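Build the complex: two chains, separate frames, hints provided.
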Amino acid sequence: MSELLQTYWPLIVAALLLGLVIAWYLFSASRKTRVSGTSGDVLDEGAAPAQRNKALIDSAPAATPMQPAAGIPAEPAAPAAATAPAAATPAPEKPAAPPAASGADDLTRIKGVGPKLSSTLNAMGVTSFAQIAAWDEAEIDRIDAQLGRFQGRIRRDDWVGQASLLAAGDDSGFAQRYGKLS
Amino acid sequence: MPLWFELASLMLAAYGAGIGIGWALWGRQDQHEE
Numbered sequence: 001m002s003e004l005l006q007t008y009w010p011l012i013v014a015a016l017l018l019g020l021v022i023a024w025y026l027f028s029a030s031r032k033t034r035v036s037g038t039s040g041d042v043l044d045e046g047a048a049p050a051q052r053n054k055a056l057i058d059s060a061p062a063a064t065p066m067q068p069a070a071g072i073p074a075e076p077a078a079p080a081a082a083t084a085p086a087a088a089t090p091a092p093e094k095p096a097a098p099p100a101a102s103g104a105d106d107l108t109r110i111k112g113v114g115p116k117l118s119s120t121l122n123a124m125g126v127t128s129f130a131q132i133a134a135w136d137e138a139e140i141d142r143i144d145a146q147l148g149r150f151q152g153r154i155r156r157d158d159w160v161g162q163a164s165l166l167a168a169g170d171d172s173g174f175a176q177r178y179g180k181l182s
Numbered sequence: 001m002p003l004w005f006e007l008a009s010l011m012l013a014a015y016g017a018g019i020g021i022g023w024a025l026w027g028r029q030d031q032h033e034e
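One line per chain: the protein sequences are A and B, in this order.
In terms of the working numbering, the first sequence has 41 at position 41, counting the first letter as 1, and numbering is strictly consecutive.
In terms of the working numbering, the second sequence has 32 at position 32, counting the first letter as 1, and numbering is strictly consecutive.
Looking at chain B on its own, in the form it has when it is part of the complex (with noise of 0.2 Å):
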């Protein structure tokens, strides 16, 4: 496997937990407020 596809991956990763984190955090609070 080559170091960028492993490298981009794990950013793609990260990314995607930071968006669940975000939604965890904001977008779920707001599905309940409704």
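The shape of chain A in the complex, shown without the other chains (with noise of 0.2 Å):
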């Protein structure tokens, strides 16, 4: 037996090694697989990666506001109207105002109007104050029905009489009246 062991003792090692290697086989590797399978539920997330979503859902691409402005009337004079604002306000206090380049005000300093409602307005052609300072009752209504889940805020913020006072450039009105520029 041990004349064996000494002449074939690799051929054992090799069996003992395949042994070794199906049981590794049988109780770990596959357990690994059954382990994986239990993965943990969307919810552990919380509710927060739902919440992004539905924020990305609802804001506006950010193409649209550029396909209504071909359609305003007065396209031809906004940049000579753009070159005089920007010369008699400098505005410093404007942080950062992508749609002012073109000619139209930066909607989001009326108070209550956000990134989303600024894109909405864009999007209906509304890009200046002077715009909003003429609406009447009836104008108000008809935006006002486009707004969605904003429906309401044209009144409840008074955007009339801030786009009025924005449009004057009464900067000191302004903030009188409804706190400071932002």
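Fair warning: there could be bad hints in the mix.
[Stated by the list, open to error] With the Cβ distance kept under 8 Å, some of the chain A side facing chain B (calculated, not the full set):
#1 L11
#2 I12
#3 A15
#4 L16
#5 G19
#6 A23
#7 W24
#8 I140
#9 Y178
#10 L181
Don't read these hints as lab results, they were simulated from the structure.
Since this is a predicted model, take the numbers as computed values, not measurements.
Built from N, CA and C at the ideal position, the CB exists for glycine as well.
This is the structure:
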């Protein structure tokens, strides 16, 4: 027997290793796959991703404000109008106003109007404070009906009053009545 | 006892020992975990 072991020990070791490999496959590898099957639930992340996705769905596409701009009748006059206020007011208070570059006012300066509402208004062709300041009751109703879940904001936040002060460049009057410009 | 039979028995025993060691290492652990 001992001579046999001495002669064929590599075969014996190979058989032992084969047994180990098969045992590992049976007891460890297969169990690993089972464990990977019980991954966490989506809701383990909490409600934050859902809110983020909802916000992404609600936000207007980045390209929409550009399309109705072509339909504005006062389009040719826009560049001239753009240079005048820009020269008159260097607007140091404005942080970063991308819409202002194309002759449109930064509607987010109106308190109660955020980026989402601003882009919605741009999509309707409303790009300047003067336009909002000129709204009458019927126009407010017409625009309000298109604001979806923001309905009622126009009157609640007095956009017309805010816009008329902003259009006039009356920053101090605005600050006095509605608080500091953001 | 023929040589091949002895050799086969030894290899089978070694194989069984390997399975046993493997179970002791990995199989028994997992049973405790569950």
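What hint numbers does the structure not satisfy?
Per hint list: 8, 9 and 10 violated.
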